[in-house]
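**Q** First to last, the sequence lines map onto chains A and B. Using the working numbering, the first residue of the first sequence is number 6, and each one after it goes up by one. Using the working numbering, the first residue of the second sequence is number 14, and each one after it goes up by one.
Any given hint might turn out to be false.
Stated by the list, open to error - Subject to a maximum C-alpha distance of 20 Å in a straight line, what follows is the list of computed EDC-like cross-link-like pairs (lysine to aspartate or glutamate):
1) A:K373 / B:D44
2) B:K320 / A:E454
3) B:K171 / A:D310
4) A:K373 / A:E454
5) B:K497 / A:E187
6) B:K143 / A:E187
7) B:K385 / B:D488
8) A:K373 / B:E49
9) A:K27 / A:E15
10) B:K171 / A:E15
11) B:K391 / B:E140
12) B:K497 / A:E182
13) B:K497 / A:D46
14) A:K373 / A:D445
15) B:K320 / A:D424
16) B:K179 / A:E182
17) B:K320 / B:D44
18) B:K171 / A:E187
19) B:K143 / A:D424
20) B:K497 / B:D481
21) B:K171 / B:E49
22) B:K179 / A:D132
23) B:K497 / B:E27
Please keep in mind that the hints were generated in silico from the structure rather than gathered at the bench.
Single-letter residue listing:
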Amino acid sequence: MHPWVGAGLEDRLHILSELGLKSIDELFASIPEAVCIDGLDLPPARDEDWIRRALGDMASANVSMDSIPCFLGAGVYRHVRPSIVDAVLSRAEFFTSYTPYQPEISQGTLQVIFEFQTLISRLTGLDVANASLYDGATALVEAVLFSHRVLHGKRDLAVVAETVHPMYRRVLDTYTEAAGIEVVVVPPGTNGRLDPNIVREAAGDQACCVAVQSPNFLGIVEDLPQLAAAAHDSGALAVEVVTEAVSLGLLTGGGSFGFDVVCGEAQSFGVAPGFGGPHLGFFACAPKHLRQMPGRLAGETVDEDGTRAFCLTLSTREQHIRRAKATSNICTNQGLMALAATVWLEAMGGSGLRELATSCFARTEELKRRITAVGDSWRIAYPQSPTFNEFLLIGPASGTELVEQLASDGVLAGVPTTDWGGAWPDGLLVAVTECNSARDLDAFVAALENLS
Amino acid sequence: MKRRAIRSEPLFFERNPRRVRRQGYLLPALDVPEVEPSEVLPPELVREPDPHFPDISEMEVVQHFHRLSQLNYAVDEGLYPLGSCTMKYNPRINEETARLPGFASLHPLQPQAQIQGALRLIWELEESLKTITGMPGATLQPAAGAHGEFTGILMIRKALATRGEKRDVVLAPDSAHGTNPATATFAGYRAQEIPSAEDGTVDLGALDRMMDETVAALMLTVPNTLGLFEHQILEIADLVHSRGGFIYMDGANLNSFVGRALPGLMGADAMHINLHKTFSTPHGGGGPGAGPVTVSEALLPHLPVPKVIRGNDGFELQWNDPASIGQMRGFYGNFLILVRALTYIWSLGAEGLRSTSDVAVLYANLVRHRLKGAYHLKFDAPSLHEVVFDDSIQTRYEVRNVDIAKRLLDYGFHPPTMSFPLVVHGALMIEPAESVAPEEVEAFCDAMLAIAKEAETDPGLVRSAPHDTPVGRVDEVRAARNLKVTWTPEDEGA
């Protein structure tokens with residue numbers, strides 16, 4: 006017997022006798038013998054203490070990014086996580102419930118989704134947002150497929166900036182191959198920023214969308230108004246991808262510049278780095294395209310007494326109703342992570358979010374300033390281009406080697422660009438957040454000096 | 014659920030109406046020189062402060078979410094018999110292990126030497142799932158079941174392309190989850206429906222007629238969404254394989270035969286496993302889940318990258334593999350969900366896992382036994398972990414399945430899955446799962462029987478339910494007609 010199985014042995018016998026059966030095996034009689042087994046070749050049950058030790062040992066074989074000065078970003082960021090985030094996430098009313106199909110007993114989850122949608126809408130500058138997607142990479146995929154649908158499947162080209170996270174582009178390649186969409190990649194100019202004219206040229210008259218990331222993979226803030234115009238000139242939808250959601254605390258979301266979709270990764274809003282997941286994909290668009298939007302959506306309505314209430318809505322777009330004609334096959338999404346982001350954003354508040362983003366920005370500028378003083382063997386790849394909280398650093402060796410060498414000095418200095426390909430130098434992507442104190446910056450600079 | 018004295022909870026945006034500065038969280042002090050953003054960044058890109066994004070104190074935040082939580086029903090409150098969703102207990106030790114700093118605070122792009130424990134965990138879980146399914150390969154990348162389906166179908170597509178074949182149809186029974194046909198379309202196939210036979214399983218004759226050289230795969234849920242095991246599974250697999258197709262197995266219902274049978278022996282070429290169903294990871298109000306896929310020998314070369322390889326010097330991530338379908342999502346999967354699933358599998362062990370299936374099936378049959386007669390059972394074949402009744406007895410009194418569901422709320426239970434599978438009109442799909450005490454299952458049956466009686470004697474009471482929930486019956490039609498999916502400042506005046 007095991008504590009996670011509700012019926013003891015005698016209970017089972019009792020139920021069997023009520024069913025007029027002698028053995029549980031009889032209930033499985035419909036399974037052909039040829040596919041049956043006697044049992045699994047797995048170890049026996051383990052008690053909690055054993056589990057705690059075994060999993061604890063595995064966890065300690067990793068180096069937690071909290072344990073050393075850490076400047077890793079490239080799509081996953083370490084930000085403050087107020088203790089109340091996990092406290093709320095740990096409430097069984099939230100984490101042990103499911104998709105709110107029965108609104109009368111799910112108003113908690115539904116209102117949270119409605120607030121999440123509103124927060125994302127306000128930050129992106131677009132009027133509608135969905136209840137979440139798997140992650141930033143699949144959010145980009147959905148945005149491209151969405152654009153293809155909005156333009157009635159007549160434009161089979163997707164123009165994507167090379168400075169969109171290379172991993173996102175890899176995932177996009179996996180999906181677009183099946184969808185029959187061709188991806189054209191536009192490299193950045195020598196300043197690491199996109200040239201709107203080159204984007205316009207690449208889009209021609211066959212692109213369903215132009216997807217750009219800002220701040221881009223190199224940390225550089227793009228000229229969003231010009232890029233939206235370039236996309237629209239060619240009749241394509243303009244898609245902004247955001248991998249560092251905290252940037253939206255300081256930078257205007259693309260919706261305000263005419264972007265048709267703003268999507269990306271909201272892990273920065275209170276979701277643990279967690280070795281890459283679960284994270285939180287988000288997706289916002291203009292109301293006129295709402296019916297083409299993928300994923301779940303909570304809407305406001307009333308109950309029979311006219312009291313405000315919320316429920317899932319427009320499910321006629323979704324797989325359980327539309328089946329083969331659905332806008333996406335997504336069912337389970339990242340609900341609990343959307344809750345985390347909602348708690349986190351509401352704890353920060355509008356002013357707090359701006360203060361936090363400004364703090365990331367100031368620390369980044371300070372680190373850049375101090376690096377330029379270290380010496381000639383270290384330089385910032387694009388010193389003239391504006392960044393938010395990340396930049397590309399070139400040192401005396403390849404990025405991969407630099408990471409190893411600086412790690413031996415006790416600093417996790419960045420993500421190497423060595424193996425990502427792309428029209429940029431081999432170096433280190435360095436991300437700075439509000440969690441990097443002045444002492445972290447000292448340690449970083451000291452490590453560079455040691456290597457000079 | 015009893016209606017408690019709950020004030021309706023204002024939206025976050027309606028709080029702090031005077032929009033004064035309050036503090037919800039104390040940020041680390043700025044210990045570097047301040048920089049004015051618009052002096053460095055292009056000023057037109059710098060955001061104006063949003064007057065409608067309020068600041069509230071920490072306790073206001075906590076109270077807000079506490080009160081909202083009180084409006085939810087949850088697994089910890091009582092039976093949550095959503096068919097196909099497997100709402101089992103979410104062990105607390107899972108939550109503890111997933112929060113270990115060595116897992117939760119691990120960056121996916123740290124140097125390989127710093128992530129050995131995480132890679133080992135992935136490797137261990139892959140091995141366990143291979144054992145549980147009897148299949149030789151696995152990927153843990155997919156974020157959810159539907160994502161796993163897509164991964165599996167892409168692998169099949171790749172295998173066919175490698176053979177130089179282009180097939181354009183994917184078959185699925187009419188009882189299939191909606192994600193199956195949606196996935197087929199998403200992967201560039203035409204989805205075609207196979208009718209069910211009289212007994213609710215696949216009509217082998219129809220399959221024989223439809224299974225030709227245009228068909229890439231058959232997507233099959235085993236046991237199917239009626240809880241019926243495809244007793245002709247071997248014939249089905251032989252037929253599909255002999256004509257060059259693949260079997261995609263939807264593993265949503267794997268929880269009904271863990272330790273009793275192996276999908277690998279059934280001829281499955283790819284199967285996704287919903288960790289949030291069979292392996293107890295929390296449903297989280299709609300996710301995150303995880304949808305690992307196990308594969309047969311034929312699809313092994315096409316598994317997504319990166320793959321976790323066990324080498325002589327520890328574990329490594331292998332990114333380059335031209336035969337692979339590529340990468341399915343950012344990084345390596347919903348890793349912290351994987352931690353929970355491995356915790357569960359190791360905790361239960363071989364015998365424990367098998368007993369979860371045993372009791373899940375036993376409970377479903379208890380429900381079937383108790384409710385038969387009071388509710389109509391369209392397919393009366395022996396079923397495993399779930400049982401699908403319908404409302405055709407109650408519609409005589411103009412009581413529909415949705416009314417029964419809403420009335421159940423008054424009795425303190427979450428309703429079953431409604432109106433699915435589509436092959437049963439007015440369906441009530443019940444899956445008790447193994448975690449609760451038998452008395453809880455009995456109490457649910459008692460409530461269902463009482464409602465069946467009410468439908469006869471006082472149908473109005475059932476039709477007007479729920480009566481004891483935090484809000485009354487919600488107008489879903491209005492929500493779709495007058496779409497309002499965000500709060501806007503114009504709402505302030507209202």
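**Q** A separate judgement is required for each hint: does it hold in the structure or not?
**A** Now for the hints, and whether the structure bears them out:
no. : hint            : verdict
1   : A:K373 / B:D44  : holds, 15 Å
2   : B:K320 / A:E454 : violated, 37 Å
3   : B:K171 / A:D310 : violated, 55 Å
4   : A:K373 / A:E454 : holds, 14 Å
5   : B:K497 / A:E187 : violated, 35 Å
6   : B:K143 / A:E187 : violated, 36 Å
7   : B:K385 / B:D488 : violated, 32 Å
8   : A:K373 / B:E49  : holds, 15 Å
9   : A:K27 / A:E15   : holds, 13 Å
10  : B:K171 / A:E15  : violated, 51 Å
11  : B:K391 / B:E140 : violated, 40 Å
12  : B:K497 / A:E182 : violated, 35 Å
13  : B:K497 / A:D46  : violated, 53 Å
14  : A:K373 / A:D445 : holds, 13 Å
15  : B:K320 / A:D424 : holds, 16 Å
16  : B:K179 / A:E182 : holds, 14 Å
17  : B:K320 / B:D44  : violated, 42 Å
18  : B:K171 / A:E187 : holds, 18 Å
19  : B:K143 / A:D424 : violated, 31 Å
20  : B:K497 / B:D481 : violated, 26 Å
21  : B:K171 / B:E49  : violated, 53 Å
22  : B:K179 / A:D132 : violated, 42 Å
23  : B:K497 / B:E27  : holds, 16 Å
Of the numbered hints stated above, those contradicted by the structure are hints 2, 3, 5, 6, 7, 10, 11, 12, 13, 17, 19, 20, 21, 22, listed in ascending order.
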